[in-house]
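Under this note's numbering, think of the first position of the sequence shown as 3, with each following residue one higher.
Treat the hints as calculated values from the structure; they're not laboratory data.
Keep in mind the model is a prediction, meaning the values are calculated, not measured.
Please note: incorrect hints may appear among the correct ones.
[Said to hold, decoys possible] Estimated spans, in silico, between C-beta atoms of each pair: (1) G120 x S90: 31 to 37 Å; (2) P38 x R10: 38 to 44 Å; (3) D93 x W13: 17 to 23 Å.
Using N, Cα and C, we set each Cβ at its ideal position, and we do this for glycine too.
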Amino acid sequence: MIIPGRIRWLWLTLIVVLLDRATKAWIESRPLTYFPHVVIPNSFSIILSRNSGIAFSFFSNNSGMLTRVILIAGSVLIIGLIAWLLVSGRDASAVNASGLALLLGGAAGNLTDRIVHGAVTDFLEVWVRFLPFSLFNPWPTFNVADAGVTIGALLLLYDAIFHPRKTNQG
3 MIIPGRIRWL WLTLIVVLLD RATKAWIESR PLTYFPHVVI PNSFSIILSR
53 NSGIAFSFFS NNSGMLTRVI LIAGSVLIIG LIAWLLVSGR DASAVNASGL
103 ALLLGGAAGN LTDRIVHGAV TDFLEVWVRF LPFSLFNPWP TFNVADAGVT
153 IGALLLLYDA IFHPRKTNQG
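Start from the sequences, fold in the hints, and give me the full structure.
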């Protein structure tokens, strides 16, 4: 059986979703007295945070049912677009396909949380100490799905900069 080129990248999407669900289930099973759990002092901790908004907690103060429905509907549309780009693209690089697959997995993982809990469970807290100043200190709390989205976006950016598509001119 031959799997079309870009569809074979869905394994990466599945890994992100499964790792995200497994880590969130583990975090949610811990007693509240477990948190915060310092892994590396002044650098990395595991905490329990629920974000009813979007990235960097935007709209988290607006956690009504209408906001929740809009965020879920928006996530479904974005997931549909990313899935379409992943399976319909031709002659795209492996970097592009893996970036889309990571984005898809991260978006699906966080959508699942939003549907089940009404908010996304975040638990990784990192302090950025190597910079002379930091916009975020600690860095915004995140999860495996967020890491998938971030790495996927960086891969797509890298692909766009270093592997530009040739256009048919003339």
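Inset, instruction - Could you tell me which of the numbered hints above are not met by this structure, giving the numbers in increasing order? - result: Going through the list in order, the structure violates no hint and respects every one.
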